[in-house]
Structures are given as structure tokens and as C-alpha cells.
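Visitor: One letter stands for each residue in the lines below.
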Amino acid sequence: MKTRFDCCRIAGICATVPTDSVALDALQTEWDPKALANVIRMTGITRLRVAPPTMTASDLCLESAKRLIQELQLAPSDIDAIVFISQTPDYPTPATSAVLQDKLGLKQDVVNFDINQGCSGYIYALLQAEMLIHCGLCRTVLLCAGDTSTRFVGARDRSTRVVFGDAGSATVVTAGGNIDCFHLKTDGSGFREIIVSAGAFRVPHSPETAREVECEDGNFRSAEHMFMNGKGVTTFAMREVPTIIEAVLADSGMNKSEIGLFGLHQANRFMLDYLARKLGVTAEAMPFACGEIGNTSVASIPVMLAAAGVKLREQNRLNKVVLCGFGVGLSWAAMTTTLADTQILPLAELKS
Amino acid sequence: MDKEGFYSEIAVVLQVDRSKVSDALMLADSGWDSMTQVSVLLVLDQFGVPCVAPDVLAKCKTVGDLVRLAERK
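Protein chains in written order, with the working numbering: chain Z, 1 to 352; chain G, 1001 to 1073.
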């Protein structure tokens, strides 16, 4: 699916991580030090931000939203829609966006809904905002994208424990005149590649689903923990990400040499290094900025922008930008845009 | 195929000295875990063999098996 809008601008981005963190070195007492060192070397992740039990993704998004609204000098009444994008909502019901509407003091005359998307979710969020503005319903949309993926991670699962961190973000999209191109794709046949297979309604929670077992890959996890097929996801990303980026660039009329930033989902360093080589772009143009944060799922692109924003602006890399998210679903999406006039706030921290 | 280049990349992935890498090197003796296998997928793609199925890769026992995969393009 592809489309283009010429009626919006990304006014501001803010991201927040928990103050609490875990250094991966500390896991040497639990796992083979050599294997752990290899993982750290390959992923480029040395530390994970971990939300304490009382902190949710929406708390991290709320903190981001408050800061961003203040920075942009918006009145709560200016916001016409609030969209919460997450796989870790506050409640099975109601929508967390409704809870945030109240906490932010937004007007009642506001559109609110949640979107359950992960790694591709930030692009979906921006698409949704632009659709709401394009149809004339809204002039200012607040997107809250965040996840506490560490809650899904089994403590004895080496494939996920060393990868995922927590974060929340806020993005304001307003009516404007920038031209943004979108490409979106889905392959639901790969839904098992990244999955929490129990605890919702297909396989409800039970003592059985909560029990950790040793799996074929030698890791321990329960059915209520996240399973990620690293090899399958890597093959998928290798196959699809360069293709969708080339396609969205072709539609935008821009070529790779014009692009200052390829802002990709921050899966891990070796994946981004590979994708940069495959696309023929430099590592500076495709930064991995989450080595001390972890893979924060839907928030990873705004977290990267917040963490690297000052440097990216100094290097003049924000005029023409490609953003691309890929992963759980399987779902992948890319867009071209400009962040030249976008207020990107430095990464914030939230204490428990 | 640039076999020497392939051996060098495999040495980096397996975290062994290049001098130890030959067709006979057993992968199981060199930390052949899922992270390493993912890295090898990327090396194979670099050498013109994209999208190797994970189950095909899992059947490889030696560096020689990887070389044969790479030469299969």
C-alpha cells in the first residue's frame, strides 16, 4: 500500500526512557561470559532501560507529551486527536488514549483510539495522523508511541532478555505543507516470528501458560513471554527492508544521495550495519543510537531521534529523511519526510 | 567467490583466529548459537546468497558446509 500527503508537518518529537537500567555485563553471573560478550558485540547493546513495575508505557508517553506540549506552546484545547500506539497498554480495556486524554486535560471534543503495532508502529502512527489531517477532521494530532517490552521478556531467555528496553514518546503532527510519501506492507503468515502466544483471548492465561519451560532453542520461557525467531526476523528484514526503502524513495522522486538520515527501527547494531552496507549508505546516515537503551519497539525511532537529534542537526541531516520500521506482524513501513523544522527535544528520563 | 574473504568474515563472526578457519572447522566447537547463525546469514547475503532459510543454515555442521552454501548462488 502506498500513498502521499502534502498537507502536514511533524511539529515536534519528544521521547522518555526510565531512569532505571540494567547493564548487560551484570548478566555474566547468569550466562556464559564469552557468549554474552559476543551478543553485546553483535547487537551493540550494553545497557537496557527498564521501567519499574509501577511505570507503564503510557507514563513514559505522558511525560513526553507534557514536555512537548509545553515546548510547542500548545494549549490542550489545540489537540484534536490523541492516538496511543503500543503493544503494552495500561488495560485490556478501555483504550489507553482515553486515559491519556484525561491526564493531559485535553478537550472532550477529541478523537481518541489505540493502535496495536510494534516495530513498524511509528510509521503507522504518522500515517494515521496525516490521514486525520488530510480528511479535514483534525488540525493537530498528538501521537503517543511507547512500549514496556521488558514485561514480556523471560528472565532466562537469552534471545530477548539482552535486546529489549522500555520507552515512550510523543509526536505532534499539524496541518502544513510538507510532502510525505508512505509505503506499508504486511505478511501475516509470519505472525509467529515475534509473538506472545498466550494471555489474551486465543489462548487465555492459565497456570500452564504461565509456566516457564525449556524450549528447543535452549532458552526458558512461558507462553506468556515473548518468543522471537531471530533468524526468521533477520531473513525477513534482509529481504524486505532495502526493497521498501528503495520503493518509497522512487515514489518520492528523491535518490539515496540526497537523503541525510535513514532513521530505521533500532533493532540492533549489526542489523543496521548490514542494511547500511546493502543500501550503500554510511553508518552516519543510518545511526544506531540505542546502545544504552535497547530495542524499544514502537518508540525506537523517536528515541533514536531524541538521542541523536543534536548531532543530526549539526550534521545537517534532517532536511530529507527516510524513516522505516519493520518487525512484529510481520509488518514493515517506510516514509520520506523532512524534519528540518521539527522540534526534537533531547531524550528525557522518568524516575519511579 | 572470494573464499579468503569469506573465511575472514567467518573468522570474525565465530570470534576465532583466521588461521583456525578451514573447511573442516566444526561450527559446534565455535559457539554456533542463534546469534552467530544470524550473523552468518548476513555474511552469506554479503557474498551474494540472500535469504538462506534458517533450517538450511541449521543443517550446516562445518565451515565447509557454509562455503558450499555460499558457492551455490
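Do not rely on the hints blindly, as some may be mistaken.
Stated by the list, open to error - 20 Å max Cα-Cα, derived SDA-like pairs, lysine to any residue: (1) Z:Lys278 / G:Asp1045; (2) G:Lys1020 / G:Tyr1007; (3) G:Lys1059 / Z:Asp217; (4) G:Lys1061 / Z:Gly218.
To be verified - Here's a subset of chain Z near chain G, in silico, CB distances under 10 Å, partners left out: (5) Phe270; (6) Met271; (7) Asp273; (8) Arg277; (9) Leu279; (10) Gly280.
No lab work stands behind these hints: they were computed from the structure. Where a beta carbon is used, it is the ideal one built from N, C-alpha and C, also for glycine.
Visitor: All hints are to be evaluated individually against the structure, with a verdict given for each.
Guide: Taking the hints in turn, this is what the structure says about them:
Under the criterion of a C-alpha separation no larger than 20 Å, the hint pairing lysine 278 of chain Z with aspartate 1045 of chain G is consistent with the structure, at around 9 Å. Taken as a hint, the lysine 1020 of chain G and tyrosine 1007 of chain G pair is honoured in the structure, with Cα atoms around 10 Å apart against an allowance of 20 Å. Distance check on the hinted pair: lysine 1059 of chain G and aspartate 217 of chain Z sit about 14 Å apart at the alpha-carbon level, within 20 Å; holds. At most 20 Å may separate the alpha-carbon atoms for a hinted pair to count; lysine 1061 of chain G and glycine 218 of chain Z meet this at roughly 18 Å.
A hinted interface residue such as phenylalanine 270 of chain Z counts as satisfied when its beta carbon comes closer than 10 Å to some beta carbon of chain G; here the least separation is about 6 Å, so the hint holds. Annotation: interface hint on methionine 271 of chain Z holds; nearest CB of chain G at approximately 8 Å, less than 10 Å. Checking aspartate 273 of chain Z against chain G: minimum C-beta separation of about 8 Å stays under 10 Å; hint holds. Restraint check, arginine 277 of chain Z versus chain G: the minimum CB separation of about 7 Å is within 10 Å; hint holds.
This hint is violated: leucine 279 of chain Z has a C-beta 13 Å from the nearest C-beta of chain G, more than the 10 Å allowed. Given the 10 Å rule on beta carbons, the hint for glycine 280 of chain Z is violated: about 13 Å separates it from the nearest Cβ of chain G.
In this structure, the earlier hints numbered 9, 10 are contradicted, and the remaining ones agree with it.
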